[in-house]
Amino acid sequence: MENFGTLYRFELKKLGRKKMVWYTFVILLQIVIVMNIGDLVFRSYYDEFGREMSTYEGIVQRRDYDRKLSGRAIDDDFLKEMQKAYGESKVVAYEYEEDKGDTGLATIGSSHISSVAVEDGRSPHEVVEDHKRYRGIHTYVWSVIGPVAAQSVDAAGFYQGRRDLILADCLEKQHLTQAEQSVWKKKEEALTIPFVYTYCEGISRLLWHVNVMNYLWIFLSAICLSGIFAQEYQLRTDQLILSSRYGMLPLYLARICAGITVVLGGTAALYAAETALVLGIYGADGFFAALQLCVWQSSWRISIGGAVLVSFLVSLTAAVLCSMITMFLSEFFKNGIAALSVMAGVTLFTVFLEIPARLRGLSMLFHLLPTKLLREEGFTDNRLYFIFSHGFNGMQIAPFLYLIAAEIFLWAGYRIYRNRKN
Amino acid sequence: MREFGILYRYELKKIMQRKIVKIATVIVFALILGTVCAELSGNYYVDGKVYDTHYHMMKTDREYARKLNGRKINQDLIMEMQDAYRHIPENEREGRYSLTEEYQDWARPYSQIYQFVNMVMEKKTLSDLLAWKADENELYENLGRRIEEEREDAFLTEEEKAFWREKEEQTEKPYTFYYAEGYWKLLYSSYGICYVLLLYAAVCLADLYTREHSLRTDQLLLSSRLGKRQLYWAKALAGMSFAGMASLILIALVMFEVLFIYGTDGFQMALQYAGAFFYYSEPVSVGTTVIIVYALILAAVLVTGAFVVMLSELLQNGTAVLAVVFGMVSVTMFFNIPPQMRLASQLYAYLPGKLLSLNMGGAFSLRLVRVFGRYLTTWQFVPLLYLLSGAAFLLIGKWAYGRYQVSGR
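Protein chains in written order, with our numbering: chain A, 1 to 422; chain B, 1 to 409.
These are computed hints drawn from the structure, not numbers from a lab. Check before you lean on any hint, since a few could be wrong.
[Said to hold, decoys possible] Residues from chain A that face chain B, not an exhaustive set, calculated with beta carbons under 7 Å:
no., residue
1, Met20
2, Ala155
3, Ile223
4, Ser226
5, Gly227
6, Gln234
7, Gly336
8, Ile337
9, Ala338
10, Ser341
11, Val346
12, Phe352
Where is the CB? At the ideal position from N, CA and C, for every residue including glycine.
Build the full structure now, drawing on both the sequences and the hints.
Structure (structure tokens):
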């Protein structure tokens, strides 16, 4: 193709010279930074004794305690120890006095100290130490089966309770078919039980933040690329291009490739910043921990680190699709504002909209959108897309669909670009 | 001044004839009117089988709630509610008890009272609530205690606490129950409607001044013997009045749709009855609150319009203007400033998107502003703030418009 390389480099330069591209990237990077360190800087943390400490100290304290529990199987013994540590719930409050040292407990609103067991002879200090020691596992068990059951459940009850909750959710919210239910059961049976508790705050946060990162790279592509074709018309250079003897295909493809390069590069940079910050603050532990420790409703037999990598790869293909759609809209409307409005409007709209699961086909299609798929729920949706009698879940099929859709938009955009008249 | 009227009409026409404005208007109207009551469509399924339709469920609950209209939530009513719920078999109380016949026949008529009592007493399960010995005094004391806790969590000053305690004494207790689902629906929908209207205003007005530069008509306007001052104000007024009128029509249609479907009763229901507003001690009804909230939405749209006018002249790039507004709207959707940072979080709560989040950090925040020795609540202060800000934005835009010179082409 004539001069494709030269055209590609020039289009890349043009994008690189647009102030808006850099301003947008810098602002998005700042959002990533504030999202991760904002709490550390702007919040303070009160321990169970009412002593103020920085949030970072609180994180380090929790991390140190949780790391001591890492590697333990969540079995009967572990659960009993946790339940003994948390004991019977009884609301007790003491006035905090400096000269009493740590034998008193401070109340800062009743929400800060919710239970102190005094009936088994432990001192308040011992109780609080026990709470801190088993906080990680207690929070996890509580989040799965609730506060009441957490105090008395055994291992069999815990794992069965988890399955029952997932099944109830599957039936009520996802309307699984019989075939899907039997696939789900097989996946559950393949999981390694008991789970091995691991400190995994850092790696889990990477997964939890995927949802917000989505919006960042979608806006990056919408803002940077919405004018890529529209500006030809605004600046009246389309007439010049129409009269070129080299044809329009090399230019069109060069622009597309440059646009995708910029967005992929920006997305990768944002993810790199996010990863560095999160793992730097919380640690990289738990990469190989079972996904169920982070997303308990999931039946995927994959580690948390694996899930993060899957999300990242799906994000990249979604970024290609969003770039393609933005550039298509830019050519279709010949108006950068219209292209940006549609992209941003549809993205924000998907935040509010939910299609009921009973409209199965529409709901499944809707949940393939990047804003709906690339979040924790992407690993808990057990509905399957059947192709040649093999069932694939959303995360497995989405990258291929995104690339196919991107190609469709590529050629649809070229047809419009080629057929336009001055 | 005669030219001003002509300019204003032409600018309004120009805005309304733009394809993007027409498309955006159709989409926004269809979207909001089509989805505001969408949860009433379709069937309610239990274990894969059709149980009822959502609309019928709403009508049934409405009928039951209306039978309790005018009744005080006092000892008698609380005990009646508990007696009704005691019909549910004990072995069903921890599961999906709402599917039992006993719930449908006995308890459902009191479900709204149950929700209120449970919200105040914070019982974990139905059994816990039924085990509690009904006590009207304990209920309202517990409510008072929780309200005090919210004031602590909001980092209020002592003067602010005193202000709210005085307001609390003016609220009538026990609360009187009224069916007011239409107004609650309008309140809880306002957040989404506000966001859509803010983006709509930005889309319609982002190009208002930038088109002059991109279409090269600015040179023509610069050489006009009538000057640019009237043109600037005509454009600004046309843009803001278009956004304001469109929003007003949409708000009127939304209110008509919701109140037509849910009913207009319950205007006088106390705002504090709802879980989302229990802490708000102002003696105001839910109907009045709806009027306040939608007036705030209108004010937010107008100030956003003024902001877009200013930006479009400062940045001279419609895409950049839209990007800034979308970015600000998105940030307010996802991020919060911790309440410990008092000033920053309070100012943040005044941003149009954040204001309508209708919780502790929004229009019904407990934080006050002292103006000329008098305390104003957020929803009282914000219109003044928006008026001043809007004026400032327009003046800055005017300054930039007046200084613009054509060069470098």
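Any of the earlier hints contradicted here, and which numbers? 2, 11
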